[in-house]
Amino acid sequence: MASDAEHLQGIRERYDEQYGFSDPDNYVFRARKGLDAEIVAQISEMKNEPQWMREQRLKALEIYQSKPVPTWGPDLSGFNEDDIYFFVRPADKEGRSWEDVPEDIKRTFDRLGIPEAEQKFLAGAGAQYDSEMVYHRIRQELEDQGVIFKSIESGLREHEDLFREYFGTVIPAYDNKYAALNAAVWSGGSFIYVPPGVEIKMPLQAYFRLNTANIGQFERTLIIVDEGAFLHYVEGCTAPTYSSDSLHSGVIEIVVKRGARSRYSTIQNWSDNVYNLVTQRAMIYGDASHEWVDANLGSKLTMKYPSLYLMEPGAHGEVLSIAFAGRNQVQDAGGKAIHVAPHTTSQILSKSIAKDGGRSSYRGLLKVYPDANNSKSTVVCDALLLDEYSESDTYPYIEIEAPDVTVGHEATVSKVGDDQIFYLQSRGLSEDEANAMVVNGFLEPLTKELPMEYSIEMNRLIQLQMEGSIG
Amino acid sequence: MGAALEIRNLHVSVEDQPILKGVNLVVKQGEIHALMGPNGSGKSTLANTLMGHPAYEITGGQIIFDGVDLVEMETDERSRLGLFLAFQYPVAVPGVTVANFLRNAINARRKADDPEYKGIPIPEFRRMMIEKMDLLQMDHSFGGRYLNEGFSGGEKKRAEILQMAILQPKIAIMDETDSGLDIDALRIVSEGVQRLSGPDLGVLVITHYQRILNHIKPQFVHIMMDGQIVESGGPELALHLEEHGYDWLREKQTNGDV
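Those protein sequence lines, which keep their order, are chains A and B.
Taking this note's numbering, the leading residue of the first sequence gets 1, the next gets one more, and so forth.
Taking this note's numbering, the leading residue of the second sequence gets 1, the next gets one more, and so forth.
These aren't lab readings, by the way, just hints derived from the structure by calculation.
Keep in mind the model is a prediction, meaning the values are calculated, not measured.
One or more of the hints may lead you astray.
[As the list claims (entries may be wrong)] As a list, the in silico BS3-like pairs of lysine-lysine whose alpha-carbon atoms are at most 30 Å apart:
(1) B:K252 - B:K217
(2) B:K118 - B:K217
(3) A:K67 - A:K33
(4) B:K111 - A:K448
(5) A:K300 - A:K415
(6) A:K415 - A:K150
(7) B:K21 - A:K106
(8) B:K252 - B:K118
(9) A:K448 - B:K118
(10) A:K106 - B:K118
(11) B:K111 - A:K415
(12) A:K448 - A:K367
(13) B:K252 - B:K111
(14) A:K150 - A:K47
(15) A:K47 - A:K59
[Claimed, not checked] What follows is a list of derived Cβ distance ranges for each label pair:
(16) A:D418 - B:P121: 27 to 35 Å
(17) B:E57 - A:M452: 22 to 30 Å
(18) B:G198 - A:W98: 54 to 62 Å
(19) A:D387 - B:R145: 24 to 32 Å
(20) B:G233 - A:G357: 56 to 64 Å
(21) A:W98 - B:P121: 30 to 38 Å
(22) A:E401 - B:G154: 48 to 56 Å
(23) A:S414 - B:R145: 14 to 22 Å
(24) A:D272 - B:E15: 14 to 22 Å
(25) A:E399 - B:D134: 54 to 62 Å
(26) A:N374 - B:E15: 34 to 42 Å
(27) B:Y89 - A:E103: 52 to 60 Å
(28) B:D69 - A:D75: 51 to 59 Å
[What the hints assert, rightly or not] Derived list of chain A stretches under chain B, where covered just means 3 residues or more per stretch with a C-beta under 8 Å from a C-beta of chain B:
(29) 342-355
(30) 418-426
Backbone N, C-alpha and C fix where the C-beta goes; we use that ideal spot for every residue, glycine too.
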């Protein structure tokens, strides 16, 4: 029986082979901090990319460097570019020892019922979580249907034409500073193509391929759902997930073609050293629909506004967003609905919770272009403050340029009522249990949209947050 | 025989205002008591104080339940000991279904007795819930509705009795359960309570009007005025009150006959 070390080594080798990290004999890769053209070129070289991709990366770097740090939102001055590794080979990523993992994190894992091997992995104390066996069977079923579900690198390498047709068309590098950054240094992520009419019954999970590369700082995901197809994709997990990287800047592009339907669910619970700045956008075509389900539980600062571009008549989109901000956390989340074509509909439902001085805000945009007549949009943002120290703000931007549009906007702020707690306690629930019940009830319209295991985990996690057992 | 709720010389203030000025009352399992009195007499204050509402400050006296002094005890502990309050204005808890709530309440109790308890099995819980809902002539879809949200007055009161039926307390205090109910709803609620009552349940019905007492027949009737119980008697006392109002009592007090 191979020893642990040998087993780990074996995994790393297979991993490198599978996910396309070549290591030319005569190339010496020197990891260093900061970002410049040399590093970007090295990344492209390591991945053996075609010339056009390398050029795109370098151009994106220029765009990144030319744009200023945005000041319209939370303070981003806290981290220094020169102090960050913008590219680290997955095998070189630093973990931490199990002994260094905080006790409350370990307790949370136990309470959530997470198997030991996964615990070590999530805590950053294990090299990889090898779920190869499960993944393999599912991969076969998908291949039989003509579905492509690969790493983003494999996507480029094995499906170059398809990749090139769509890559960067939903979120071009010039879109914003962090999209440009991602376009320069992206590494890891998923490439998915669902052929016309194919309905994938069970949610596809990035979790299956969860390993150090895919908990990437600069994940890039590209999903194409062809006409009449159906896909539900889930990424992340509710358990506290450690990352040694302090800056995460992901980009997710989704193309939903005529008559297709897709849903993308994210549950994020990054450790409290992480700045999480993500650009997510779906282009939705005629009679197609897309839903973003977005749960932000962790990180030091998250800025994330999943967007819907309703491109042709009959397009429909929804953003269901949950944000939980605890001590020293800022969740700046929401969504954008951009109506480009007439007879399009959108809905944004946001639930934010703040506790122990955390700051949880809704920031959203509803934009209706002049041609997008007879469109309909509803925005509901509810905030729940759990004490006097916490804050919640709402920044709704509404720009309507078409004459005949139906728009609804509701915002509420509430606190957990003493009367509610007394009522629940009078039935035998402890104060903590009562608070957790009220909070779970507040989130219920959203958590019921998550796959069951996730919503159960979510409820349990909220319970633990209420007990204050997570710092 | 059975547990008793003993209220001894209870003094309670709300925001430094004395409301209860020496209440004495004993309710035992198996007994049905009625507490009547004009508005502002302190009936609801008593109900809430017994359950441990934080806004009510006990400035003197004792509350002993099943031999245990309740005064320092948290609300949820009192509940688990077997005390129940059917609220006058049940508050809504959005997003929490009636079924989910009841299941959690049952589990909270059982876990308190046995920390290893894994939770009531769903089929057992469903059976229990359906049985009790039938008892109260409630539609089974009730379980899926969010607790008290959008409920009519009658539905709220029936939901309170449903909880009582599921949690099986030893002593139940019903705070103006009849307020806001039409004749049919009143009958259904009363029948429900009658079916639940027996040697294992003590009930304190707090009410302003006599008519509920046509359905839930008390053995003892007490009248509260200005923060004290001024008169006690049998069921005929309620009828007397119905005919003569509270004025005769006030006269009695002024004349020093109490």
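Hint by hint, here is what the structure shows:
Proposed proximity of B:K252 and B:K217 is supported: the alpha carbons are some 26 Å apart, at most 30 Å. In summary, the hint linking B:K118 to B:K217 is not supported, as the alpha carbons are separated by about 40 Å, beyond the 30 Å threshold. Note on A:K67 and A:K33: the hinted pairing holds, with a Cα-Cα distance of about 20 Å set against a maximum of 30 Å. Of the pairs offered as hints, the one joining B:K111 and A:K448 holds, with about 26 Å between alpha carbons and a cut-off of 30 Å not exceeded.
For the hint pairing A:K300 with A:K415, the CA-to-CA distance comes to about 23 Å; that is within 30 Å, so the pair holds. Of the supplied pair hints, the one linking A:K415 and A:K150 is violated, its CA atoms being roughly 44 Å apart against a limit of 30 Å. Taking the CA atoms of B:K21 and A:K106, the gap is near 53 Å; set against the 30 Å cutoff, the hint is violated. A hinted pair counts as satisfied when its Cα atoms are at most 30 Å apart, and B:K252 with B:K118 does not qualify at roughly 58 Å.
With a C-alpha separation of about 23 Å, the suggested pairing of A:K448 with B:K118 holds against the 30 Å cut-off. A distance of roughly 21 Å separates the Cα atoms of A:K106 and B:K118; the hinted pair therefore holds under the 30 Å criterion. For the proposed pair B:K111 and A:K415, the alpha carbon gap of about 28 Å is at most 30 Å, so the pair holds. Note on A:K448 and A:K367: the hinted pairing holds, with a Cα-Cα distance of about 28 Å set against a maximum of 30 Å.
With a C-alpha separation of about 51 Å, the suggested pairing of B:K252 with B:K111 is violated against the 30 Å cut-off. Between A:K150 and A:K47 the alpha-carbon distance is near 15 Å, which keeps this suggested pair within the 30 Å criterion. As the CA atoms of A:K47 and A:K59 are separated by approximately 18 Å, the hinted pair is consistent with the 30 Å bound. One distance hint, 27 to 35 Å for the beta-carbon pair A:D418 and B:P121, holds here, with the actual separation near 34 Å.
A beta carbon spacing of about 46 Å between B:E57 and A:M452 contradicts the range 22 to 30 Å that was offered as a hint. At about 58 Å, the CB distance of B:G198 to A:W98 agrees with the hint of 54 to 62 Å. Checked against the hint of 24 to 32 Å, the C-beta distance between A:D387 and B:R145 comes to roughly 30 Å, which is consistent with it. Remark: the range hint 56 to 64 Å for B:G233 to A:G357 is upheld by a beta-carbon distance near 57 Å.
Checked against the hint of 30 to 38 Å, the pair A:W98 and B:P121 passes, with Cβ atoms roughly 36 Å apart. The supplied range of 48 to 56 Å is met by A:E401 and B:G154, whose beta-carbon atoms lie about 50 Å from each other. Range check, A:S414 to B:R145: Cβ separation about 20 Å, and the 14 to 22 Å hint holds. A:D272 and B:E15 have their C-beta atoms about 41 Å apart, which leaves the hinted 14 to 22 Å range violated.
Look at A:E399 against B:D134: about 55 Å separates their beta carbons, and that is inside 54 to 62 Å. With their beta carbons about 56 Å apart, A:N374 and B:E15 fall outside the hinted range of 34 to 42 Å. At about 43 Å, the beta-carbon gap between B:Y89 and A:E103 misses the expected band of 52 to 60 Å. Our hint of 51 to 59 Å for B:D69 and A:D75 holds, since their Cβ atoms are close to 53 Å apart.
Counting residues of the stretch 342-355 of chain A whose CB lies closer than 8 Å to any CB of chain B gives 0, so the stated coverage by that chain is violated, three being the minimum. Counting residues of the stretch 418-426 of chain A whose beta carbon lies closer than 8 Å to any beta carbon of chain B gives 8, which reaches the threshold of three, so the coverage claim holds.
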